[in-house]
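Visitor: Spelled out from the first residue to the last, the chains are:
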Amino acid sequence: MPDSVLVNPIEITGAKYTRFAAGTKLEAVDTLLLQRQPGLTLADVLQQRSGLYLKSYGNGMTATVAFRGTTASHTAVLWNGFNIALPTLGLSDFALLPPAAHSLITLQHGPSGALHGSGAIGGAVLLENPADFSPNQMVRVQQQEGSFGHHRTAVSGNYGNGRLALTSSFTRTSADNNFKYRDLTQFGQPWQEQQNAAFNQNSFAQEVHLKLSPTQHLSVRGWWVKTHRQVQPPMGGANNNAQQDDENLRLMTEWQGQIARGTTTVKAAYFKDRLDYSENGHPSLSTVNTWQGQLEHERTLLPNLLLQVGTEGQLFKAEVSGYGDGQKENRYSAYAWMRYDPLEKLQISLNVRQAWVDGFNPPVTPTLGANFILSEKEAGTLTLKGNVSRSYRVPTLNDRYWRPGGNPDLSPESGWGYEAGLAHAFQQNQLTSQTEVTVYRLKVQDWIQWQPSVTGGYSEPVNLQTVRGHGLELDTKWKYASARHLILSGGAAYGYTISEQVLPNAHAELQDRQLFYVPKHKVAGYAEARVKGWWLALDGTFTSLRYTDQDNDNWLDPYALANVSAGKTIRWSAFEAQLMAQVQNLANTTYQAMAYRAMPPRHYRISLALQWAKRP
Amino acid sequence: MNLISFRKPFLFAALASALVFTSSCENDKEEASPFSDGVFVTNEGQFNSVNAEVSFISRDGKTVIPALFNQVNNRPLGDAAQSMTFIGDKAYIVVNNSQKIEVVDGRTFSSTGVINDLSIPRYMAALNNNKAYVTEYVGYSFFGYTGTGRVSVLNLANNTVTKTIDVGLLPEGALLHNGKLYVANSGGSTVSIINTSTDAVEATLEVGNGPAHMVLDANNKIWVIRGTYGEPGALVKIDPANNHAITSYQIPGSGLLTINGSKNTLYYSSAGKIYSMSVTATAAPTTPLISRNPYGLGLDPESNKLYLGVGGYTTNGWVVRYETTGARIDSFQVRVLPNGFTFR
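Listed in order, the protein sequences are those of chains A and B.
Heads up, the numbering used here is the position in the first sequence plus 951, with the first residue counted as 1.
Heads up, the numbering used here is the position in the second sequence plus 1422, with the first residue counted as 1.
Honestly, the hints are just simulated from the structure, not real lab data.
Check before you lean on any hint, since a few could be wrong.
Claimed, not checked - Where chain A lies over chain B, by a calculated footprint (3+ residues, C-beta under 8 Å): (1) 1476-1486; (2) 1517-1526; (3) 1576-1585; (4) 1602-1616; (5) 1634-1641.
What the hints assert, rightly or not - Distance windows between CB atoms, simulated: (6) L1200(A) with N1551(B): 38 to 46 Å; (7) T1568(B) with K1279(A): 27 to 35 Å; (8) F1311(A) with T1708(B): 30 to 38 Å.
Note that CB positions come from ideal geometry on N, CA and C, so glycine has one too.
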């Protein structure tokens, strides 16, 4: 069917990592949600579909996600194999990552330093745009209007002729965010209109894939995002008319071919990340140019033994007003990934990576994982999974070069993770389901934190903390498809997270304290019905109490959020029109994801999409 | 917000103790305050987070109220508390990144008003119960701000700003002496002298890079601690009676400065250590009194005990009390980043 919206996305995963990730939890994200609920950010999708906690500083403002009780810095974000964390801050703002059309998004839960390099301590978010050479032509335009001055325009197109594949997508999103909220910090909690929270964002993504021969292809991908944001002040904080301008340009090229009895991939990338911040018109500027290169070779040594070796190099050149003069940093790493299936029921992966960074060397990071199929029947498969993995995080450029305070001699953070899980896939008649439960333990050492310097007058980063955590993750997805075009689907994700550091209480006795902004319980659920071009979808999340300080003296109340969306698709020959309506924050819940950052009350969005598609 | 319900038990405890106190001392109205014999600690909190607080510690160390403002007023104080000053029967808490001064009743600590229209306010000095001055950064020079700092003249009768006076970059400490307001311009190298009858700058003294905090000694000399990143600092003695003549005593780096009750011994921090120096000394000491880096430094003029604020940016800090001999007495957990002390 010429309708991408009806494709079931659950089965699609980024194959590259899956092969070497035995025993780990990889979760494909339902990216079609982004099409069915346009205007949702990647962060919103993760919030609605996973057990992850989203730290949001407001609608369209900085948003970060963290796995397993760690922080945004411990979440590696890779775009087609390249780490795209902002090198100065060492983290990714998900509000600045509007995924291009047809992106595959995979969540790697748990540490995976060997697979994903620096920063993959809590987990990794993998964005991939694989080549699709199948002959097709498609153009889609969409316009959305919503409450609080929300506008969104999206245009995308595909072309494929078997040898050449082109994909383009453009989005423009803007909002005034002038909603009303109660100011909890002022006497009498007066109603206020949110000030200084408008934003606009343009993004353009282009892919060109060329099949050079049956065994060789070349890909060029570009992703440009320009975002202007007023920075929403917290309640009780002053409105400094803070503004942030981000421009992120990412270009990469990839050649893959069969040589030396294996598959060889050569990749090169150039990123330019500009972050200009200003308060009351006074700017603080930063630009980082990053060059990256990767060389990989994968070979089947035996029918049941697969090996990939690779090496990567990164060069960062930073022009940051806080560093004094420009700074350069080189990072290299080499890795070997092995997948071995000694028995039909047993899959083992053994991966290892060693990184080298100017001035110090991070630890060797191995991962050993296995899947064992406990039972395999026509109706379902039950698999036991487990792995042990080490991870590391290189200090950020700010940690090393900020003046005063930056310390080039900081040690990298290092983590260990242990996990075990059961995965069940079920299929009977028109009903399918996938359920996975995982328990884990995590330890992160040399956690970097800024604190007042020993010699006074400024602050400096130190390898201060040790954080220990454990928890449980449960995911289940169900789908029923009847012969009469009725499709019911639903699912739930639950995260139980304990993440603790040791701190002294008022009597100077050391006690375990839950890390701030780590909810013990997070539940996300959704249900969707589709019939004859109509659909109705409901999703909800529950987030338990979150401490807002490390001593656990202050906290934010638990909250539940629900959203509903409905739509109708009309087809006529190769044309398709979709009309959609969304209600976000259906119950008009007053909540905060970050302390004293007002979040929007109930709001509405409607959109119309027109599509022309042709498949031979 | 759960902050409120969490703090209720503490609030009741405080109210109960206040009642007991009231009934036992009901003849003396001034003494009726549970906060009349102790120190108020300004906890700066994390910058860009609304978690500034004021803690109260009684002189006997038996009563510690870590989150006094929120406990009494059921709301957070704001973002980045810089300093607190008692003027008459009120206390004024300068909240730097909330661009405001919270006014509370000095006896009950309940909110009585707020002064707005400020721009990164830092420290206050009061001429009388109706008129005070506050230094304001206006902008951060390291953020590219190229304008000047300023001092705002405050009418405390109606909590308004009546005039602004341009001074140097990043004006920090303010000190009133003999009808003049001395303002240390920490982003430059000068002290501005403002005539309090005209509220205009009448002179600008060159003292060297990074003047920050000031005290007045028993001989009516003004001491300024100064210094900037990457170079030695100095204690600068200004003699207002002698045409503002300047004498400098080199110290390793800039820090905090306070003086004892008899106003004859300076206590200051420099390069992460605490030193004491007689106001009549001919050179700064080379041996520290306490080898510890304070984020806040105070000296109780009544008990002559030193108060140090220490801790990280994101965890509860500690107030550590020392004898002026350098002997440690005890410590109390307060809130994030204790940066100053106001004695009652």
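Visitor: Now look at each hint and say whether the structure bears it out.
Guide: Hints and how they fare:
Proximity of the region 1476-1486 of chain B to chain A, defined as three or more residues with a beta carbon under 8 Å from a beta carbon of that chain, is not established by the 1 residues found. Coverage of a stretch by a chain is defined here by at least three residues with a beta carbon nearer than 8 Å to that chain's beta carbons; for the region 1517-1526 of chain B and chain A the count is 4, and the condition holds. Note: the region 1576-1585 of chain B has 0 residues with beta-carbon separation from chain A under 8 Å; the three-residue rule is not met and the coverage is violated. With 0 residues carrying a beta carbon less than 8 Å from a beta carbon of chain A, the region 1602-1616 of chain B misses the three-residue requirement, and the given coverage is violated.
Only when three residues or more bring their CB closer than 8 Å to a CB of chain A does the claim for the region 1634-1641 of chain B stand; here the count is 0, and the claim is violated. The supplied range of 38 to 46 Å is broken by L1200(A) and N1551(B), whose beta-carbon atoms lie about 60 Å from each other. For T1568(B) paired with K1279(A), a C-beta distance near 29 Å keeps the hint of 27 to 35 Å intact. Here the CB-CB span from F1311(A) to T1708(B) is close to 36 Å, well matched to the stated 30 to 38 Å.
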